[in-house]
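Asker: Below, each chain spelled out in residue letters.
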Amino acid sequence: MWQYLTDSYNWSGNEGIWARILQHLWYTFAALGLSTVIALPIGLRIGHTRHGAFLAINLGNAARALPSLGLLMIAVLLTNEIGFLPVLIALVALGIPPILASTYAGLSGVDPATIDAARGMGMTGREILTKVEIPIALPLIISGVRSATLQIVSTATIAALVSLGGLGRYVVDGLKLRDFPQMFTGALLVALLAIALDAVFALIARVTVSEGLKIG
Amino acid sequence: MSWIGDNTGLIWDQLREHLYLAILPVIFGLIISIPLGYIATRYSWLSNPLIAFGGVLYSLPSIALFIVIPAILGTKVLSTVNIIVALTIYTVSLLIRNVIDGLRSVPPDVRQSAIAVGYGSLHRVVAVDLPIAVPVIFAGLRVVTVANISMVSVGAVIGIGGLGELFTLGFQKDFLTPVVVGVVLSLLLALCADLIIVTLQRVLTPWARVASPVGEVA
Chain A
0 MWQYLTDSYN WSGNEGIWAR ILQHLWYTFA ALGLSTVIAL PIGLRIGHTR HGAFLAINLG
60 NAARALPSLG LLMIAVLLTN EIGFLPVLIA LVALGIPPIL ASTYAGLSGV DPATIDAARG
120 MGMTGREILT KVEIPIALPL IISGVRSATL QIVSTATIAA LVSLGGLGRY VVDGLKLRDF
180 PQMFTGALLV ALLAIALDAV FALIARVTVS EGLKIG
Chain B
0 MSWIGDNTGL IWDQLREHLY LAILPVIFGL IISIPLGYIA TRYSWLSNPL IAFGGVLYSL
60 PSIALFIVIP AILGTKVLST VNIIVALTIY TVSLLIRNVI DGLRSVPPDV RQSAIAVGYG
120 SLHRVVAVDL PIAVPVIFAG LRVVTVANIS MVSVGAVIGI GGLGELFTLG FQKDFLTPVV
180 VGVVLSLLLA LCADLIIVTL QRVLTPWARV ASPVGEVA
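Here the protein sequences come in this chain order: A and B.
The C-terminal position of the first sequence is numbered 215 in numbering that gives the first Met the number 0, with every residue numbered one higher than the one before it.
The C-terminal position of the second sequence is numbered 217 in numbering that gives the first Met the number 0, with every residue numbered one higher than the one before it.
Just so you know, these hints were derived from the structure itself, not from any lab.
Computed from a predicted model, the values in this text were never measured in an experiment.
Here a beta-carbon is modelled for each residue, glycine too, at the ideal position from N, C-alpha and C.
Please note that a few of the clues may not be correct.
A few chain B residues that don't get close to chain A, going by computed Cβ distances all over 12 Å [as the list claims (entries may be wrong)]:
{"#": "1", "residue": "Leu29"}
{"#": "2", "residue": "Asp100"}
{"#": "3", "residue": "Pro107"}
{"#": "4", "residue": "Ser120"}
{"#": "5", "residue": "Pro134"}
{"#": "6", "residue": "Thr204"}
Only pairs whose alpha carbons sit at most 20 Å apart, straight line, appear in this in silico DMTMM-like list of lysine to aspartate or glutamate [to be verified]:
{"#": "7", "chain 1": "B", "residue 1": "Lys75", "chain 2": "A", "residue 2": "Asp178"}
{"#": "8", "chain 1": "B", "residue 1": "Lys75", "chain 2": "A", "residue 2": "Asp172"}
{"#": "9", "chain 1": "A", "residue 1": "Lys130", "chain 2": "A", "residue 2": "Asp110"}
{"#": "10", "chain 1": "A", "residue 1": "Lys130", "chain 2": "A", "residue 2": "Asp115"}
{"#": "11", "chain 1": "B", "residue 1": "Lys172", "chain 2": "A", "residue 2": "Glu80"}
{"#": "12", "chain 1": "B", "residue 1": "Lys172", "chain 2": "B", "residue 2": "Asp5"}
{"#": "13", "chain 1": "A", "residue 1": "Lys175", "chain 2": "A", "residue 2": "Glu14"}
{"#": "14", "chain 1": "B", "residue 1": "Lys75", "chain 2": "B", "residue 2": "Glu16"}
{"#": "15", "chain 1": "A", "residue 1": "Lys130", "chain 2": "A", "residue 2": "Glu210"}
Sequences and hints are given; from them, build the entire structure.
Answerer: Spelled out as structure tokens, the structure:
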């Protein structure tokens with residue numbers, strides 16, 4: 000494995016390690032962005048109005064049990080396309096439940112007295128949402144996005160199964176050729192990428208969370 | 000539909016393998032994390048590092064673990080042991096937090112009463128502390144069991160994955176039925192396992208029904 004990693008030939012070019020990492024990150028962020036765009040507004044709406052919570056929570060839990068690999072294959076066979084779209088569908092389905100659940104949990108955890116106080120000061124519903132509820136729920140929302148990221152980055156490996164790139168290429172090709180050093184390389188790089196992204200989110204959480212929340 | 004009729008043997012075998020690969024790690028994980036959690040509450044400086052370490056382990060991609068474990072253990076890459084060890088690691092890394100939180104949720108006066116009426120420390124843990132911790136531990140158990148059931152199929156990428164093998168089969172033959180069968184059975188398996196755990200929890204905590212007739216909502 001060391002030999003594979005230290006050979007500079009393996010790092011450069013269209014099929015080099017850097018290119019694979021960038022592809023992997025592209026799948027991850029595309030899926031993460033789309034999951035957030037879908038799950039965040041729904042979670043905010045449910046958390047703010049408290050309507051439909053039961054449905055959202057249970058659908059979210061059931062979706063957690065969906066095997067991504069099976070979903071990917073169904074997406075491939077239904078869209079009749081081998082490539083980016085089915086991968087995106089499978090990864091977005093993976094990312095939505097944690098973001099939805101934690102956004103809802105964050106908003107519903109806001110002390111009703113705080114909301115009453117905000118209303119008493121004359122804030123409108125929208126102001127309560129953007130100036131009170133979201134800042135207070137932010138740590139939980141970020142932790143939801145964080146766990147969605149972890150799951151997506153590790154599962155993006157399956158993109159290689161439908162002949163896309165990414166770090167999964169090393170795992171899939173290595174398996175086919177019984178080239179285990181290559182498989183280890185892929186596995187290790189995915190793990191390192193996951194740990195690096197997790198560290199980035201830990202930093203974001205530290206920077207964006209309101210000072211007032213840290214004191215309590 | 001006729002594919003299902005012609006392949007019940009195969010489907011049944013994969014279902015059994017799936018169940019075995021997902022549930023065994025939950026049992027091992029529970030056996031490991033309860034004493035570990037107990038030690039961590041006894042020596043409380045251990046709890047935070049343990050929980051943090053669990054978080055890091057849980058963030059490792061399953062596919063990576065499935066491949067790296069044989070290198071560490073010296074097992075064959077295509078051995079089911081790798082899947083079981085990997086999922087046991089996930090189970091422990093997630094459950095450890097719930098065991099610690101659960102044991103911490105035992106009210107001190109309850110603990111002191113148990114000591115006062117003469118419980119020895121081991122007897123107290125088994126007969127008093129653990130039963131009180133059941134709801135918190137079981138909340139984690141539900142999450143980890145469902146996660147394991149859906150994670151087993153990832154093993155199909157490296158050739159062992161219970162129902163996941165139906166996914167690769169369907170993909171190779173450009174044929175939807177086996178994939179749908181695999182997904183549906185996997186979902187049903189998760190649902191059944193979840194129901195069993197919830198039922199078990201109700202049986203283990205008969206007092207919860209008196210307190211809240213609706214039952215525990217996780």
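Asker: Take the hints in turn and mark each one as holding or not.
Answerer: These are the hints, each one checked on the structure:
1. For Leu29 of chain B, the condition that its CB be more than 12 Å from all CB atoms of chain A holds, with the nearest at approximately 20 Å.
2. Every Cβ of chain A is farther than 12 Å from the Cβ of Asp100 of chain B; the closest lies at roughly 16 Å, confirming the non-interface assignment.
3. With a least beta-carbon separation of about 24 Å from chain A, Pro107 of chain B lies farther than 12 Å from that chain, consistent with its non-interface assignment.
4. With a minimum CB-CB distance of about 36 Å to chain A, Ser120 of chain B clears the 12 Å threshold, and the non-interface call stands.
5. Taking the minimum C-beta to C-beta distance to chain A, about 17 Å, the non-interface status of Pro134 of chain B holds against the 12 Å cut.
6. For Thr204 of chain B, the non-interface assignment is confirmed: its Cβ lies about 21 Å from the closest Cβ of chain A, beyond the 12 Å cut-off.
7. A hinted pair counts as satisfied when its Cα atoms are at most 20 Å apart, and Lys75 of chain B with Asp178 of chain A qualifies at roughly 13 Å.
8. A threshold of 20 Å between alpha carbons decides the hint, and for Lys75 of chain B with Asp172 of chain A the separation of about 18 Å falls inside it, so the pair holds.
9. The hinted pair formed by Lys130 of chain A and Asp110 of chain A meets the criterion: a straight-line CA distance of about 14 Å does not exceed 20 Å.
10. For the given pair, Lys130 of chain A sits about 13 Å from Asp115 of chain A by alpha-carbon distance, which is consistent with the 20 Å threshold.
11. Using a Cα cut-off of 20 Å, the hinted pair Lys172 of chain B and Glu80 of chain A holds, with the two alpha carbons roughly 15 Å apart.
12. Annotation: proposed proximity of Lys172 of chain B to Asp5 of chain B holds, straight-line Cα distance about 16 Å (limit 20 Å).
13. Of the supplied pair hints, the one linking Lys175 of chain A and Glu14 of chain A holds, its CA atoms being roughly 17 Å apart against a limit of 20 Å.
14. At roughly 18 Å between alpha-carbon atoms, Lys75 of chain B and Glu16 of chain B fall within 20 Å of each other, so this suggested pair holds.
15. Between the alpha carbons of Lys130 of chain A and Glu210 of chain A the distance comes to roughly 14 Å, so the proposed pair stays at or under 20 Å and holds.
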